[in-house]
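J.: As you go down the protein sequences, you meet chains A, B and C in turn.
All residue numbers for the first sequence refer to the numbering used here, where the first residue is 120 and numbers rise by one.
All residue numbers for the second sequence refer to the numbering used here, where the first residue is 841 and numbers rise by one.
All residue numbers for the third sequence refer to the numbering used here, where the first residue is 58 and numbers rise by one.
Hints in this document: simulated from the structure, not taken from any laboratory.
The beta-carbon is built from N, C-alpha and C at its ideal position, and this holds for glycine as well.
Certain hints may be false.
Which bits of chain B does chain C cover? Going by a derived footprint, with three or more residues having C-beta under 8 angstroms, they are [as the list claims (entries may be wrong)]:
| no. | stretch |
| --- | --- |
| 1 | 849-855 |
| 2 | 913-924 |
| 3 | 958-969 |
| 4 | 1073-1080 |
| 5 | 1101-1109 |
Residues per chain are reported as follows:
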Amino acid sequence: MNGYNFAYLDEQTKRMIRRALLKAVAIPGYQVPFGGREMPMPYGWGTGGMQLTAAILGADDVLKVIDQGADDTTNAVSIRAFFERVAGIETTTVTPAASVIQTRHRIPETPLEPGQILVFQVPIPEPLRFIEPSEQETRLMHALEEYGVMHVKLYEDIARHGHIATTYAYPVKVDGRYVMDPSPIPKFDNPKLDMSPALLLFGAGREKRLYAIPPYTHVESLDFEDHPFEIQRWEARCALCGSAESFLDEVITDDAGGRMFVCSDTDYCLTRRGELS
Amino acid sequence: MKRPALSAPALARPELDRPVLLDVQDITRLYGPGKGCEAIDFRLHAGEVLGIVGESGSGKSTLLRVLAGLEAPDAGRVVYHRPGDAGETDLYAIGEARRRALLRLEWGLVHQNPRDGLRMGVSAGANVGERLMALGQRHYGQLRAAGQDWMTQVELDPARIDDAPRTFSGGMQQRLQIARTLVTRPRLVFMDEPTGGLDVSVQARLLDMLRTLVRQLGLSVVLVTHDLAVARLLAHRLLVMRRGRVVEAGLTDQILDDPQHAYTQLLVSSVLTP
Amino acid sequence: MTPILTVEHLGKGFVLHGQGGLALSVMRDLSLELHRGECLVLAGPSGIGKSTLLKMLYGNYLAGDGRIRLHFGDGPLSLTELPAHAWHALRRDVIGYVSQFLRVVPRVSAREVVMEPLLARGADTAEARARAETLLARLNLPERLWSLPPGTFSGGEQQRVNIARGFIGEHPLLLLDEPTASLDAANRTVVVELIHEAKARGAAMLGIFHDEDVRERVADRLLPLESFMAPSLAPAAQPSTSRGLPHA
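Produce the complete structure using the sequences and hints provided.
T.: Next up, the structure:
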């Protein structure tokens, strides 16, 4: 297999990551440190997610990779090609056909099923970092459930914008215990974290932290009683498939200010248009 | 000239012993010989303002850090008696989780430099609301109302609730820090030179405000200051510290008007008054 | 009838460490009894220790030798052995003090200065305000001054604020340290009336009055202090009232 161990990483490393993953699954939302390896790509391109994917892939797995919901962006294509080459596994763009989905910034629109695993690429795993620069202190804050400052952030949002303006990486509380950064997914996707039938894994390569939400775990988005959590809504429907339920990207179509809204999830959109069947 | 003494109902004895809130037992915390505090023993009663006075290096700030739960002593105990609770809380025998919760929710600390006690990056309202949010308050409208109410109480313009503390003057920042500390109605507040670094006119306003808040909220306060005028205005009782030890303790006006110890006499006679 | 206050063999000295440990004895072997409804006036030349006695009774000066006791319905309380914290309630509820000089607190209005002893007992603000204003009016303090801090008032005006503050609490034991010193005749009369009213409600008072006329009108008994002066101490050798030294 081109001189690489299966899925690139050596077996010892994969075992170490799996042990960390087991711990993460056992303590939902808790950030577990792991011995991150160098990957053949720069930090910020999904090295954390790739190490997790490499550690859990088996020869029978079918891998899907999305970036901002799309299967056909450079990052997604490259990672898919990488695992095809170093693991020799089958890949797909069809959400229900995948057993492992590595993602950057989205959760697929098609509901996930039991047995599927979603691997998130995470840039900054620590939700408290914005207010507390010390790692020692944030660990203590997690340990002691000192989470008042998370609401300080949301309070500031409302004070400045009249509503909670945080739209990405919207903080959640997992299983009533740990406050967690769900990675920069739009808050539109936050409800999909709650009681998800799929296993959700999160990997941060630069910071060498991973965390997990086991299937069917309660995940609550932080909010205020009088400013409850809300997801984004659009006036428009998808210009291609007509969906009124999916997360839409705005696309500029010409130099005259023409624009349209289309599904960010390309597989979902194509499936609805019947082009995949 | 002699008139018969009037017969009146027997004189009623007031309740002289208020409950003990803080029992400080033989505290020692030394960084080196004579540096820190040594063999400190006193009790703070509910509703009392206790001043700790002394010059720089007398160990009063070290003592405050130990009392306020920020620094474990080498020896001795700090015991907190929660009002209405028969049990006692040994500050350094309980775990860090409980200690931090106590400091955050039942006690308060006012730093000399408001920058140490405020979050400079978030608005005044968020600063005041943080401890309430930590207590589980989840209603934005109520948090905001509490913020405006407390800003008014500390004589800040409530219209500035969304302004960042860095746009406030030093005296305003100090008042904001006090509002942020008192919003959860702590039973016990530690103050480290709360008027230090402020202009005299600003000091006067702060002192007056603190006196009123202490009375209205029934606060118990441990106040560290090198300023005897501040001590005279705010404190009911004083401890005079020198080289890490308490050399004299008593009623504030007794210490200042009839000092017994040579060092206290020197301290009192060194004060300049206009 | 049991007195409200007994003083037995009281002595007081000052040790001035800044002057080589110079020890000054200012009072020795003073005994007195004070009953409810009477006003005992301390007599003697200035510097003889009259204020010192009042200050010891108020816990402001530490007593040297001897014993000071208050007699409550349920028994006596020794003030000479009282822990510092116990004085707070005693001063709030039992022993009031009207000194010659007002200790001015910046920014606090005259009205609030007078209200404070009631507020300290948790009294209703409106009621405390009404009583404060009644007293200030009786003492002829112009109404326009009530909401101003007394820092800029004249000596007589400050003293009237202080008198109102001293009498508003209706303490059962009142210590009066020259309350009429800088008052005109009309206001002296108001103070005399206040003292008579206090007596009528059963208050015991111990006072210093330099004004013969006032003394005649309020005193039930006179206590000359000369005989309790320390023999070594002539008035000229007393500690001066300069700052940093005890005020004798």
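J.: Are the hints correct? Go through all of them and say.
T.: Tested hints:
no.	hint	verdict
1	849-855	holds (count 7)
2	913-924	violated (count 0)
3	958-969	violated (count 0)
4	1073-1080	holds (count 3)
5	1101-1109	holds (count 6)
Hint check: violations occur at hints 2, 3; the rest are consistent with the structure.
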